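Read off the chains here:
There are 2 protein chains.
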Amino acid sequence: MSGLPLRSAVTWDRSDPRAARRAIRSGGYTGYTAGIAPGYVQANICILPRAWTEDFLLYCQRNSKPCPLIARSDPGDPRLPTLAEDLDIRTDVPRYHIFRDGEFVEEVTDISRFWRDDLVTFALGCSFSFEEAMLEAGLRLKFLERNSVAGVYLTNIETVPAGPFCGPLLVTMRAFKPADAIRAIQITSRFPNVHGAPVHIGNPASIGVDLAKRYQNVGDGEVAEDELPVFWACGLTPQLAVKNAKPSFCITHAASSMLMTDLRNASLAVL
Amino acid sequence: MSGLPLRSAVTWDRSDPRAARRAIRSGGYTGYTAGIAPGYVQANICILPRAWTEDFLLYCQRNSKPCPLIARSDPGDPRLPTLAEDLDIRTDVPRYHIFRDGEFVEEVTDISRFWRDDLVTFALGCSFSFEEAMLEAGLRLKFLERNSVAGVYLTNIETVPAGPFCGPLLVTMRAFKPADAIRAIQITSRFPNVHGAPVHIGNPASIGVDLAKRYQNVGDGEVAEDELPVFWACGLTPQLAVKNAKPSFCITHAASSMLMTDLRNASLAVL
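In the order they appear, the protein sequences are chains Z and E.
The numbering of the first sequence is our numbering, which starts it at 1 and goes up by one.
The numbering of the second sequence is our numbering, which starts it at 1 and goes up by one.
Keep in mind the hints are simulated off the structure, nothing from the lab.
In this text, all values refer to a predicted model and were calculated from it rather than measured experimentally.
Be aware that a few hints might be false.
The list cannot tell twin chains apart, which means a pair is met if one copy fits it or any two copies do.
Mimicking DSBU-like on lysine-lysine, the simulated pairs with C-alpha atoms at most 35 angstroms apart in a straight line are [to be verified]:
hint	residue 1	residue 2
1	246	65
2	177	65
3	243	142
4	213	246
5	65	213
6	142	65
7	213	177
8	65	243
9	177	142
Here chain Z stands alone, though its shape is the one from the complex:
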């Protein structure tokens, strides 16, 4: 509309996850990934040194609803070929967070200089995949209309520990009219690799949640009079478990800046 130049001089096809990765890899895109390459899986990333990975893998296995593992790299190998042929985890995430001894150190857009032979990448599924399936089924996600994400809450449910990894379950809340809540349960049950069916419906207090108190103020917690709050296990749960474990070194994606993969969301549906 205006005569101003585009903020980024490089244009790329936002419907193509390969094009998105190339733009991110070249430093041409460092923003949020919501809305990019619709239909394709976006993944949460956690990179740990070998000494910590067996326990973390066990933590994911024991808590598969909040920690749905969709790929794990070989030690020292920056590739994840089951997610995309060309993928290089050192360059293909828009922004990374670096942690030392459990403390956040800095945000970077490339981790090549941090890479080590003992680092292992974990890619975990994300609820964006089932939100797409809900929208395609005609369900309304009002927080998207407000340009927000689902509200995130700390519960009084403890995850099953594995070694030093432990902590409470975090959940996302989406509000629906009752018939749509039933439909949302059916739809998300088809996606066990991206958190699956809800863990709770109805009274927030029975899982220790106060809807007014969102975790780190993330997302939208509105529930209308004729709606029921429905709660799904949240991918921030393993991040909190990692924080509690205080590994000597750790790299994650920055919030909402995920790894784009070539897997189709629909390919994760089991039914």
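We have chain Z; now place chain E onto it with these hints.
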């Protein structure tokens, strides 16, 4: 335990639907069918003269949740071979209700003397089938422990009419803790031929239900503090639609005295 003779002199294998039908056919059993031949489908029965059957078939098609048709006979044919090879609808239901012009006339244990060449039998699925699947999954149905059935309620939801068949949707209510309610939705979604997924969860008032006011006082309406009421379409809905249509002649099964079939409940599961 006592030295008294059994009330019925004829003993038969209560785990076998064929044995049950033989006992019923011979007049040796005229009671309720709950608990008989566990694992096998029991059906609601509605027998109508040919002049009314096209509209009733359409009513079932338009309202498949309350009216899940599992078999329809040929006109004048008392057999339903897809439900059981030996089945004769004139003798194989423990107790029948006879209606003329929509009014109840009498209860009988054999309808041979009422049989006509223009009568058509409709067999509709029943929620007993999915209740068994819920119990097998470890869900608790407290009304069964109290020797009752799920509470039945009239809603403010109108079914889709077909010819003279019309009326409100009736629902059954089962109360669950939230995680079990989610599981119950998953389980019953597999059984579209026996009412399928719930039609409502949570606030009864939003479908016009007052839990204290059961339809014809049928069943158990208790909901504990930590439970959610979950509502399924009920097989009494077509009975009410037939009552509203006032067909010249109609035969149904008596409440809780169903047709025993050789179909396994598990065979109705689509997933």
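Hints, verified against the model:
Taking the shortest alpha-carbon separations for residue 246 and residue 65, only the intra-copy value of 22 angstroms comes in at or below 35 angstroms, while the best inter-copy value is 53 angstroms. For a Cα distance limit of 35 angstroms, the shortest separation of residue 177 from residue 65 qualifies both inside one copy, at 24 angstroms, and across copies, at 19 angstroms. In this homomeric assembly, residue 243 and residue 142 come within 35 angstroms of each other (Cα to Cα) only inside a single copy, at 31 angstroms, whereas the closest approach across copies is 43 angstroms. Proximity of residue 213 to residue 246 under the C-alpha cut-off of 35 angstroms is restricted to the intra-copy arrangement: shortest distance 26 angstroms within a copy versus 57 angstroms between copies.
For a Cα distance limit of 35 angstroms, the shortest separation of residue 65 from residue 213 inside one copy, 23 angstroms, qualifies, whereas the shortest one across copies, 39 angstroms, does not. In this homomeric assembly, residue 142 and residue 65 come within 35 angstroms of each other (Cα to Cα) both inside a single copy, at 24 angstroms, and across copies, at 29 angstroms. Taking the closest pair of Cα atoms, residue 213 and residue 177 come within 35 angstroms of each other both inside a single copy (22 angstroms) and across two copies (24 angstroms). Only within a single protomer do residue 65 and residue 243 lie at most 35 angstroms apart by alpha-carbon distance; the minimum there is 19 angstroms, versus 48 angstroms between protomers.
When the C-alpha separation of residue 177 and residue 142 is checked against a cutoff of 35 angstroms, the pair qualifies both within a copy, at 12 angstroms, and between copies, at 27 angstroms.
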